[in-house]
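Here the protein sequences line up with chains P and F, keeping their order.
In terms of this note's numbering, the first sequence has 4 at position 4, counting the first letter as 1, and numbering is strictly consecutive.
In terms of this note's numbering, the second sequence has 1362 at position 362, counting the first letter as 1, and numbering is strictly consecutive.
Just so you know, the hints here were simulated from the structure itself, not pulled from any lab data.
One or more hints might be untrue.
For lysine-lysine, the following BS3-like pairs were computed, each having C-alpha atoms within a straight-line distance of at most 27 Å [claimed, not checked]:
id, chain 1, residue 1, chain 2, residue 2
1, P, Lys352, P, Lys239
2, F, Lys1239, P, Lys233
3, F, Lys1239, P, Lys239
4, P, Lys310, F, Lys1239
5, F, Lys1269, F, Lys1094
6, P, Lys352, F, Lys1233
7, F, Lys1269, P, Lys345
8, F, Lys1347, P, Lys94
9, F, Lys1352, P, Lys233
10, F, Lys1233, P, Lys233
11, P, Lys345, F, Lys1347
12, F, Lys1310, P, Lys332
13, F, Lys1429, P, Lys310
14, P, Lys347, F, Lys1233
15, F, Lys1347, P, Lys332
16, F, Lys1310, P, Lys347
17, F, Lys1094, P, Lys347
18, F, Lys1345, P, Lys233
19, P, Lys345, F, Lys1332
20, P, Lys429, F, Lys1310
21, P, Lys347, F, Lys1347
22, F, Lys1094, P, Lys352
23, F, Lys1256, P, Lys310
24, F, Lys1233, P, Lys239
25, P, Lys233, F, Lys1429
Sample of chain P residues at the chain F side, in silico, Cβ under 10 Å [as the list claims (entries may be wrong)]:
id, residue
26, Ser200
27, Ser231
28, Gly331
29, Asn341
30, Tyr349
31, Arg350
32, Asp359
33, Arg428
Where is the CB? At the ideal position from N, CA and C, for every residue including glycine.
The lines below spell out each chain.
Number of protein chains: 2
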Amino acid sequence: MNISDLKKSYINKTLIPRELMTQIKKRIEEHSANPIWIHILSDDELEPYLKRLEACEPSSLPLYGIPFSIKDNIDLAGVPTTAGCLDYSYMPAKSAFAVEALIKAGAIPVGKTTLDQFATGLVGTRSPFGACQNSIDPKYISGGSSSGSAVSVALEMAAFSLGTDTAGSGRVPAAFNNLVGLKPSKGVLSTSGVVPACRSLDCISIFANSTEDAQKVFDVAASFDEADPYSRKMPETQKSVPSSFRFAVPRADQLKFFGDVEAEELFYKAVQSFEEMGGTAVQTDFSPMLEAANLLYYGPWVAERYVAVKDMIENSPASLLDVTRTIIESGKSKTAEDYFNAEYKLKAYRRKADIVMEDIDFALTPTTGTIYTIEEVNADPIQLNTNLGYYTNFMNLLDFSAYAVPAGFRKNGLPFGITLFAEAFEDRKLLQIGERYMQRNNDV
Amino acid sequence: MNISDLKKSYINKTLIPRELMTQIKKRIEEHSANPIWIHILSDDELEPYLKRLEACEPSSLPLYGIPFSIKDNIDLAGVPTTAGCLDYSYMPAKSAFAVEALIKAGAIPVGKTTLDQFATGLVGTRSPFGACQNSIDPKYISGGSSSGSAVSVALEMAAFSLGTDTAGSGRVPAAFNNLVGLKPSKGVLSTSGVVPACRSLDCISIFANSTEDAQKVFDVAASFDEADPYSRKMPETQKSVPSSFRFAVPRADQLKFFGDVEAEELFYKAVQSFEEMGGTAVQTDFSPMLEAANLLYYGPWVAERYVAVKDMIENSPASLLDVTRTIIESGKSKTAEDYFNAEYKLKAYRRKADIVMEDIDFALTPTTGTIYTIEEVNADPIQLNTNLGYYTNFMNLLDFSAYAVPAGFRKNGLPFGITLFAEAFEDRKLLQIGERYMQRNNDV
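Please work from the sequences and hints to get the whole structure.
And the structure:
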């Protein structure tokens, strides 16, 4: 399922949105044992979207009839937002700024997808609705926190999905379900109408099957929102990657695969691909990134999660999962002194990162070092989650843009993913080089 | 005393730096009752600077033989830094990055000037060395925290001075001593070698007798410092103010002069001058600025002051003045939750400020609404200090550049000052329009 083919079918009149939605509902039904969805739009709820499309030409709207799913911490008007916590649930009168833009462009909301509660997790198991299963092997985790978003796209229930990505939630599930996951520059997609995790760091992310689709969604959704104080305008000039380029990879001793030998092989294969494409791999000291990553959950930023759900934590603690509450509550004891000491450290890491980034066109890491089964995560929920954030937790603290792309499969059929990252506002550059990599791998 | 005349005299050989320093020492002696200086360089300490200048041509160095004073929270190698607290005192092996640049350019350090302890104050009375007296009327305060810096320039003991400016410390003393005071964009002058007040907000500031001199010092001192994580590069393109321009002034009900009718008249006279220069005054809702200002001492940023002197506050509280300790200690109880709630507010104020600034070339306010006697401040040290920060406290939180310039005198001979401010990195634009204003007022 991709945007271009769907649009062609609509224009050729071999398909209408209503028919597609019937097929999608069937597919959803087939996978009903997997708790992908928190809310699926009823026929009545869908009707206004379909009616509106039936009144206009398929060629008149860039995303005409394109079905998409929405992580359930992002508002869709008239459908409850739960953030994975039923007691938190509220009914938004208005859609999130980005959702509104997509609907206006013709996209059809299929439903609200499950997530690690309050977007706190990278596993997809931290939900009162049950552990979302991997789209390829249900024994395995889907990744989180945007678990349902990724799985709904992988299982063709939506052409794309909006997730959120504070610590890696838009990249890890992409890697685990063989999708692309764009973690845009902070502020480029408005977070108006998004339940905050760490409000100063939160991003809406895009899951899709291809760069072309991610790009099309990004083009519509990336728009300055005056009402969101964290919204930032994209600069007009865009960088691109030259045919002969330099890319950073972490120093060998800083790479962690947690014993996953196949993942390690696949990563080095990806590095080799980029070299064959004209790139020079630059072995780089990743300490500034890895040390910044540690600040996210052990530093003061967890206080933002506490601020976001303080009322509920204080007045109705049993409404949260134990694991979520334990993590978020740790933000309560952080002091402003902790904050500033962490900011000073982060500024120093960022200065070191400046020096790294000045010398290269982009950086390349695994998206995660490995993948786990649901059983493994249930047995050790904190440490394994931490392992999955090793390459992702620093991204927003250091203000990078990132693009997670598939990079082959393990023998058991589970996918491996890599992440390309660059400075803020270099999103389109990453889409470009990511696409070159994927094209080449398809050709080989 | 100005840079251009001094340089001419040196080039014409009608003066040598050694002779100037003898004259300056005499002047310092004459004012020894006023606690302007914490350390005056001895002849031995001066000797290496003079020797070096005697070995080179006056024309070879942009600041050849120009005497300057240094606020005593900025390091000068080999001379103690006290920050206005003897027990805190340490001996720096290296000069601050900006001081080093000025000395390299030929400037001669005269000595270290007094300040409100730990740069916490806008009055100039909060010092164990005594209240620094106004250069024009010793009954009045000099303004602070860079009190000695301003007074040393006003009394011709130095051609310029380095102060610091977190909350207004580089602007208030300029206004009270009829000087220009440039509060550069954050990060444009390195703060390496500066005792932090609020490290994330601190700026080195420049006091001088004229725009020309401030500009010359800025040209030398504004240089990127890789070792300071808060250092920022000036963009290459510089804005300027067109001949027909728009400037914001606070809405009449938001202007506060605390009963100082003459100050009010002088402010409106300044507004009229800018209108006669081709400007259109835009009555502007200053709430975003005024509300941001409140965050500085009542919000979490005071925790930065606590972080900076925590060891001393915890282990030797009697080493601080009561007023300084009381303020700084209030930072201890601030939480990370307080910090993030304040950051969210500040971001919203900044967004509103964006809208204000997009519409104008610069903004104009009084530098302070009034001035007080030393006796008045001693009788009510907290509230009167707060009054003095009304137009200054928001500047660094909202990331503006600011230029304080003289704007006439009250009947009692005390000067009034105005401040022009604009977006970060528009320092040179402010120098330009400030100079146009002063030129015009001299001509009239």
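Query raised in the report: Checked against the structure, which of the hints given earlier come out wrong?
Result: Those not satisfied are hints 4, 5, 7, 13, 20, 23, 32, 33.
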